[in-house]
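First to last, the protein sequences are chains C and Y. This note's numbering numbers the first residue of the first sequence as 1 and each following residue consecutively. This note's numbering numbers the first residue of the second sequence as 1 and each following residue consecutively.
Hints are not guaranteed to be accurate.
Short derived list, chain Y residues pointing at chain C, Cβ under 7 Å [as the list claims (entries may be wrong)]: (1) 213; (2) 215; (3) 218; (4) 231; (5) 249; (6) 258.
Keep in mind the hints are simulated off the structure, nothing from the lab. Positions of the beta carbon are idealized from the N, C-alpha and C atoms, including for glycine.
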Amino acid sequence: MRLKDKVAWITGAGAGIGRATALRFAKEGARLVLGDLDEAGLQETAAAVEASGGQAVAVAGDITRREAAERMAAAALERFGRLDILINNAGINRDGLAVKVKDGQVQRMGDDVWDSVLAVNLKGTFLCAQAAAVPMIQRGEGGRVVNTSSIGALGNIGQANYAASKAGVIGLTKTLALEWARFGITVNCIAPGATATRMTAGIPEKLMEGLLAKIPLRRLAQPEEIAEAHLFLASDAAAYITGQVLFVDGGISVGV
Amino acid sequence: MSEQVRERTEPAAAGLLQDKVALVTGASMGIGEAIALELAANGAHVAFTYRQHAAEAGAVAGRIEQRRRKALALQADVASFEEAQRVIQEVQGGLGRLDILINNAGMNWDAVLWKMTEEQWDRVISVDLKGTFNYLHAAAPVFKEQGSGKIVNVTSINGLRGKFGQSNYSAAKGGVIALTKTAARELGRYNVNVNAVAPGLIETPMVKQAPEQVREMALAEIVLGRLGTPEEVASVVTFLCSEAARHITGQVIQVDGGQYM
């Protein structure tokens, strides 16, 4: 078991990639703190982890608030006495063109649409990383932080807010890697491509065909495949990797 | 080209790469040796090339066999296009198939631009860049035909950032990165993953020979504050060869302790 005795905190654990990662980590012996805004989804994941023989504590909360991030980190210490790994997975998208001019009508991406995506994807990632690092530094035995960027960071029509947030995560990752290396904490991020989750479920068939044609491996990622990348970066196999962005995208960032 | 085939019949514990057949170029020492041993420890049978160090190659083969995996040591200069074709055939003949190709063989021969000879340039490009092409070219039809395969090319952070005194090596390793991406594009539709690892300064025989001043300057750049080990590169290569990484292709994974961001 590759994460035996480790304690991992996974945000956005109520569905999709976060849930797949929770189940994968439990299989490798990790004890889990699961965070999400969606309480029902969170309970489902926790139940699935426990049904598989794992241990999980579920903490519902909004990671855009410092208090919620701190509460999730505290749960790891209270329940399991330590925190080794943070999987900063929670994220949202609210797509739309930055500016749309049609038939004399002008539409702009609203402040709220911009702010809410930046708040979850970038500030939430920052707050959780801060909350996780404090006990890791105090304990003095290092740790792992894995953030979530996206191929969206390279730019994507209709995702000004999402792209900016995910590019921001890369800068944040590199800076935290530099700041925390001295404490034995590695900080990396994964950048999933199109993955079969709720976020891509609504893509119309025609658009999906066009998307698949741009992926060298000709298919979407499954959440379990992203979970494997999380496991790799959280495991000893990645001990000498820090400050890096691991694209798990079937080659879409390279092109066909 | 000399050849050694040894076999044992005891079953091994199921590993991430159980019964896969891998070819690692340049595995008589250093990172290549660590990769060969790590692949074997994860269940793969391992063929590898070496150029000069027959005794060391024999020892590596012995250690693969200690892991109850088949070993096949082949003498070859990766710069030879013809030998690459022959090596691939001998691996298929000796070990029955080919699932994994690790293009690791490499060399450096440093000098500043104005002192670098044509021979220095040509030799490093021939080994590090053309050598990688030679084996990609020879293995691609095999992988294409069977509709599966894993390729990992060993490049260097100096192929991303350039390096004083290494115009030949940096250009070759940068070329390997572009080659990796192109191969990923061309072979993706055949379910073949092509990636690269880019080590920083790793404790290898090549690095142990470097002047103390060079090591110290490098150490100052590495945010984790220590050199990497060959095993820490090998564990990343193993991940990329496993089914866990089946959705990763065309990527360059730096294994450098944060030396270059």
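Now for the hints, and whether the structure bears them out:
no., hint, verdict
1, 213, "23 Å, violated"
2, 215, "16 Å, violated"
3, 218, "14 Å, violated"
4, 231, "9 Å, violated"
5, 249, "4 Å, holds"
6, 258, "4 Å, holds"
The structure does not agree with the numbered hints 1, 2, 3, 4 stated previously, though it agrees with the rest.
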